[in-house]
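One-letter residues, chain by chain:
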Amino acid sequence: MIIEINGERRELDRSRVLADAIRDWGYEGQPIAVAYNDEFVPRGRYAEIRLQDGDRLEIVAPMQGG
Amino acid sequence: MTTAPFWEIGGRQVRSRLLLGTARYPSLAVLQQAIHASGAEIVTVSLRRESAEGRAGSQFWTTIKELGVQVLPNTAGCKTVKEAVTTAEMAREIFETSWLKLEVIGDDYTLQPHPFLLVEAAEALCRRGFEVFPYTTDDLVLAERLVQAGCKILMPWGSPIGSGQGLNNPYALRTLRARYPEIPLIVDAGIGKPSHAIAAMEMGYDGVLINTAVARATDPVSMGRAFGLAVEAGRLAYLAGAMPTQEMAEPSTPVTGTPFWHSSPPENLK
Numbered sequence: 370m371i372i373e374i375n376g377e378r379r380e381l382d383r384s385r386v387l388a389d390a391i392r393d394w395g396y397e398g399q400p401i402a403v404a405y406n407d408e409f410v411p412r413g414r415y416a417e418i419r420l421q422d423g424d425r426l427e428i429v430a431p432m433q434g435g
Numbered sequence: 034m035t036t037a038p039f040w041e042i043g044g045r046q047v048r049s050r051l052l053l054g055t056a057r058y059p060s061l062a063v064l065q066q067a068i069h070a071s072g073a074e075i076v077t078v079s080l081r082r083e084s085a086e087g088r089a090g091s092q093f094w095t096t097i098k099e100l101g102v103q104v105l106p107n108t109a110g111c112k113t114v115k116e117a118v119t120t121a122e123m124a125r126e127i128f129e130t131s132w133l134k135l136e137v138i139g140d141d142y143t144l145q146p147h148p149f150l151l152v153e154a155a156e157a158l159c160r161r162g163f164e165v166f167p168y169t170t171d172d173l174v175l176a177e178r179l180v181q182a183g184c185k186i187l188m189p190w191g192s193p194i195g196s197g198q199g200l201n202n203p204y205a206l207r208t209l210r211a212r213y214p215e216i217p218l219i220v221d222a223g224i225g226k227p228s229h230a231i232a233a234m235e236m237g238y239d240g241v242l243i244n245t246a247v248a249r250a251t252d253p254v255s256m257g258r259a260f261g262l263a264v265e266a267g268r269l270a271y272l273a274g275a276m277p278t279q280e281m282a283e284p285s286t287p288v289t290g291t292p293f294w295h296s297s298p299p300e301n302l303k
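The listed protein sequences derive, respectively, from chains C and A.
First residue of the first sequence: 370, per my numbering; consecutive thereafter.
First residue of the second sequence: 34, per my numbering; consecutive thereafter.
Excised from the complex, chain C in its bound form (with noise of 0.2 Å):
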């Protein structure tokens, strides 16, 4: 299956919940927010969260900014 992570697409072998991709990513340990299909979803609901095929991830982390 396919989903889209920060406008690239990405394959994934099998089906797995959000909390499980975000470490096997290596996103572990790293000061991130992530938006499933344009919602923003609270760290908390990562284990809630089913990846399917056709989803899109935001995946944001702090930045300089004016």
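What the hints contain is simulated information worked out from the structure, not anything from laboratory work.
Treat each hint with caution, since some may be false.
Computed far set for chain A versus chain C, every beta-carbon distance over 10 Å [stated by the list, open to error]:
| no. | residue |
| --- | --- |
| 1 | V78 |
| 2 | E86 |
| 3 | F93 |
| 4 | T120 |
| 5 | E122 |
| 6 | G162 |
| 7 | N202 |
| 8 | A205 |
| 9 | E215 |
| 10 | E235 |
| 11 | G237 |
| 12 | T278 |
| 13 | A282 |
Which stretches of chain A does chain C cover? Using the computed rule of at least three CB atoms under 8 Å from a CB of chain C, they are [as the list claims (entries may be wrong)]:
| no. | region |
| --- | --- |
| 14 | 56-67 |
| 15 | 101-114 |
| 16 | 206-212 |
Label pairs and their calculated CB-CB ranges [stated by the list, open to error]:
| no. | chain 1 | residue 1 | chain 2 | residue 2 | range |
| --- | --- | --- | --- | --- | --- |
| 17 | C | D389 | A | K112 | 28 to 36 Å |
| 18 | A | R57 | C | G398 | 56 to 64 Å |
| 19 | C | R378 | A | R57 | 29 to 37 Å |
| 20 | C | D393 | A | R161 | 44 to 52 Å |
| 21 | A | R57 | C | A388 | 43 to 51 Å |
Glycine included, each C-beta is placed from N, C-alpha and C at the ideal position.
Using the hints, position chain A against chain C.
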């Protein structure tokens, strides 16, 4: 650095009236030194897409946390209400603050706020419990709509972001100050030099938000200090009350007892 009295903004007591942006500095080290030299206690931050390999966000956040300043996350780059609200919610979780500099851009060339979407986004975010610092134009009626939407602070632009033009419409800024004596007003965007910041503070503005003028100075650390001093000087001048201007000269040295004083003009002036 500053010994200025405390003032209240968004429920917090701070001394410095300078809010500083964190973007466009030559390095994180220079940014850190510039914030320190400026005396700023509130700095703006943002969010960007992060790849799992990139640790830039993590490094930046560690640097800011070390300074112990209050962060004001922005929604830079947002053009719709939905984007602004989602970005705000992500920022609240990462930065652990409900403060938000709300930007909803309506024009790519001037980066002018979109007035209608800004009000809509402000309403949505105030309902969700955010302390909204709206980046707005100097339009009085728009300001009123933002206040009705629940904003307790207003941040009108001086001129377009990053332009360094200073205060393009002093009349409109003075009008806002006169009409909203109780609302914290901060000039955000367009300030290029400390003299611009002083002018805003002399008008009675509560603070100024500056980024590029410090970050892109030849020496950002010294410029940070210059802005810190300027904001303090401008505030003191406002409180001290400036003299009225007049058309003609008026001798500052007392005239009475002037030596060689004559009751009639000298011969050569007759």
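Hints and how they fare:
{"no.": "1", "hint": "V78", "in the structure": "violated, 5 Å"}
{"no.": "2", "hint": "E86", "in the structure": "violated, 7 Å"}
{"no.": "3", "hint": "F93", "in the structure": "violated, 5 Å"}
{"no.": "4", "hint": "T120", "in the structure": "violated, 8 Å"}
{"no.": "5", "hint": "E122", "in the structure": "violated, 4 Å"}
{"no.": "6", "hint": "G162", "in the structure": "holds, 14 Å"}
{"no.": "7", "hint": "N202", "in the structure": "holds, 21 Å"}
{"no.": "8", "hint": "A205", "in the structure": "holds, 22 Å"}
{"no.": "9", "hint": "E215", "in the structure": "holds, 27 Å"}
{"no.": "10", "hint": "E235", "in the structure": "holds, 24 Å"}
{"no.": "11", "hint": "G237", "in the structure": "holds, 24 Å"}
{"no.": "12", "hint": "T278", "in the structure": "holds, 34 Å"}
{"no.": "13", "hint": "A282", "in the structure": "holds, 44 Å"}
{"no.": "14", "hint": "56-67", "in the structure": "holds (count 4)"}
{"no.": "15", "hint": "101-114", "in the structure": "holds (count 3)"}
{"no.": "16", "hint": "206-212", "in the structure": "violated (count 0)"}
{"no.": "17", "hint": "C/D389 x A/K112: 28 to 36 Å", "in the structure": "holds, 33 Å"}
{"no.": "18", "hint": "A/R57 x C/G398: 56 to 64 Å", "in the structure": "violated, 28 Å"}
{"no.": "19", "hint": "C/R378 x A/R57: 29 to 37 Å", "in the structure": "holds, 32 Å"}
{"no.": "20", "hint": "C/D393 x A/R161: 44 to 52 Å", "in the structure": "violated, 31 Å"}
{"no.": "21", "hint": "A/R57 x C/A388: 43 to 51 Å", "in the structure": "violated, 36 Å"}
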